[in-house]
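Student: Keeping the supplied structure of chain A fixed, place chain B with the ligands upon it in accordance with the hints.
Protein chains: 2
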Amino acid sequence: MASLRSRCSKVLAIGRNYADHITELNNARPKQPFFFLKPPSSILERGGGPVLCPKGVSLHYEVELGLVMGKKLRDFDENDSKGALDAIAGYVVGIDMTARNIQDEAKKKGLPWSTAKGFDTFTVLSDFIPRSKVPDPHEAELYLSINDAVKQQDSTNLMLFRIPRILAHISQIMTIEEGDVVLTGTPKGVGPVKVGENMKAGIKFDGVEIEEGKIEVD
Amino acid sequence: MASLRSRCSKVLAIGRNYADHITELNNARPKQPFFFLKPPSSILERGGGPVLCPKGVSLHYEVELGLVMGKKLRDFDENDSKGALDAIAGYVVGIDMTARNIQDEAKKKGLPWSTAKGFDTFTVLSDFIPRSKVPDPHEAELYLSINDAVKQQDSTNLMLFRIPRILAHISQIMTIEEGDVVLTGTPKGVGPVKVGENMKAGIKFDGVEIEEGKIEVD
Ligand SMILES: [Mg+2]
Ligand SMILES: [Mg+2]
Ligand SMILES: [Mg+2]
Numbered sequence: 001m002a003s004l005r006s007r008c009s010k011v012l013a014i015g016r017n018y019a020d021h022i023t024e025l026n027n028a029r030p031k032q033p034f035f036f037l038k039p040p041s042s043i044l045e046r047g048g049g050p051v052l053c054p055k056g057v058s059l060h061y062e063v064e065l066g067l068v069m070g071k072k073l074r075d076f077d078e079n080d081s082k083g084a085l086d087a088i089a090g091y092v093v094g095i096d097m098t099a100r101n102i103q104d105e106a107k108k109k110g111l112p113w114s115t116a117k118g119f120d121t122f123t124v125l126s127d128f129i130p131r132s133k134v135p136d137p138h139e140a141e142l143y144l145s146i147n148d149a150v151k152q153q154d155s156t157n158l159m160l161f162r163i164p165r166i167l168a169h170i171s172q173i174m175t176i177e178e179g180d181v182v183l184t185g186t187p188k189g190v191g192p193v194k195v196g197e198n199m200k201a202g203i204k205f206d207g208v209e210i211e212e213g214k215i216e217v218d
Numbered sequence: 001m002a003s004l005r006s007r008c009s010k011v012l013a014i015g016r017n018y019a020d021h022i023t024e025l026n027n028a029r030p031k032q033p034f035f036f037l038k039p040p041s042s043i044l045e046r047g048g049g050p051v052l053c054p055k056g057v058s059l060h061y062e063v064e065l066g067l068v069m070g071k072k073l074r075d076f077d078e079n080d081s082k083g084a085l086d087a088i089a090g091y092v093v094g095i096d097m098t099a100r101n102i103q104d105e106a107k108k109k110g111l112p113w114s115t116a117k118g119f120d121t122f123t124v125l126s127d128f129i130p131r132s133k134v135p136d137p138h139e140a141e142l143y144l145s146i147n148d149a150v151k152q153q154d155s156t157n158l159m160l161f162r163i164p165r166i167l168a169h170i171s172q173i174m175t176i177e178e179g180d181v182v183l184t185g186t187p188k189g190v191g192p193v194k195v196g197e198n199m200k201a202g203i204k205f206d207g208v209e210i211e212e213g214k215i216e217v218d
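These protein sequence lines map, in sequence, to chains A and B. Everything in the first sequence is counted per the working numbering, starting at 1 for the first residue and increasing by one. Everything in the second sequence is counted per the working numbering, starting at 1 for the first residue and increasing by one.
Note: identical chains are not told apart, hence a pair may lie in one copy or across any two.
Below, a list of computed lysine-lysine pairs in the DSBU-like style, where the Cα atoms sit at most 35 angstroms apart: (1) K82 <-> K55; (2) K194 <-> K107; (3) K194 <-> K72; (4) K151 <-> K200; (5) K72 <-> K55; (6) K71 <-> K194; (7) K151 <-> K108; (8) K108 <-> K194; (9) K55 <-> K194; (10) K109 <-> K55.
By construction, these hints were calculated from the structure, which means they are not laboratory data. Here the structure is a predicted model, which is why all the values come from computation and not from measurement.
Just chain A, with the same shape it has in the complex (with noise of 0.2 angstroms):
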């Protein structure tokens, strides 16, 4: 199969997803989803080298649930859960990697946050995780550990904004094609990460990891 980078046309990230994580960078609560785009050039799959750390950058990690879209969507129905589901071809654990300083500094001033969510290698994505392997996707465990230290790990079920009310909102302002990725939002635990130091992260149900979600990433 050709590569998630290369089938993706775009990244939609969804910000403030998990009420903890709202908390822990002190920002409002949202009142309807929103997201941002990261590029395909952020991609990384596994094997394709380290995270790069731009220079004077505060590097932060954010362990998600990503959708890879089967099926193109324009202004999906919110109510339609089973249509939701049907339009994911498979999941994948993305860790949606921040120029924290940066993403700061822009929220200050007002300006876009594509260079603090795009530079390459901030999109770290598992491998492909077939739509079979995932019971439920609002019913996952979401880990991620720095040096074998956990961070962060929460179940999806905390989620403000469930993935059909998320589909419904993305497709209502950017047509979702097929193969673009849709990352969900991070729960609590987010923080820096420094070169050299080892990321790992991944997805459980009921305990059991999933053999394809797995990241280790330096």
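Tutor: For chain B with the ligands alone, kept in the frame of chain A given last:
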């Protein structure tokens, strides 16, 4: 030739690159170029129908010179003026459609610009202009009219950051891929356009219009 849209993995749009446009929007003059991403799904090519105005949106036009990249660029050297022009496959006239009210709110709240800039049909592109028809991209006259009243008309020699600097800045953050489109910022005169109004835009060199650069869209 394949469509501009299908060959494009991202649209990179420079903000605030003409002094008089910065003044008209009461923005701060940037010390370095800044840019935002627009998704390929927002590209509207000739014959693709009208620009769509989402409900409740204050729709603004911004005519811009667009670069269609012919080479992958990473960490490009801003002093390499010849290399910059050689990396460009050709040009387009682009209209960076903007949901100004959504953008204003995003700026106030420190939120991403992706929605304000990313709706379907919000990146209007002319046909591809071969490089051979562009004697000097920094000496082009851009124009845009609404119902035949000229609203924007300025030379690209007014750019604050010229093309080599733009390509250097972007490619130090993210790899520019072959086929990517770079919009180089809009001169003064931006404003609202309503459903049913007719937009024309184009590009001239020494008063002579380039046929491929003509846009006419409702
Ligand atoms: Mg593509
Ligand atoms: Mg995130
Ligand atoms: Mg613009």
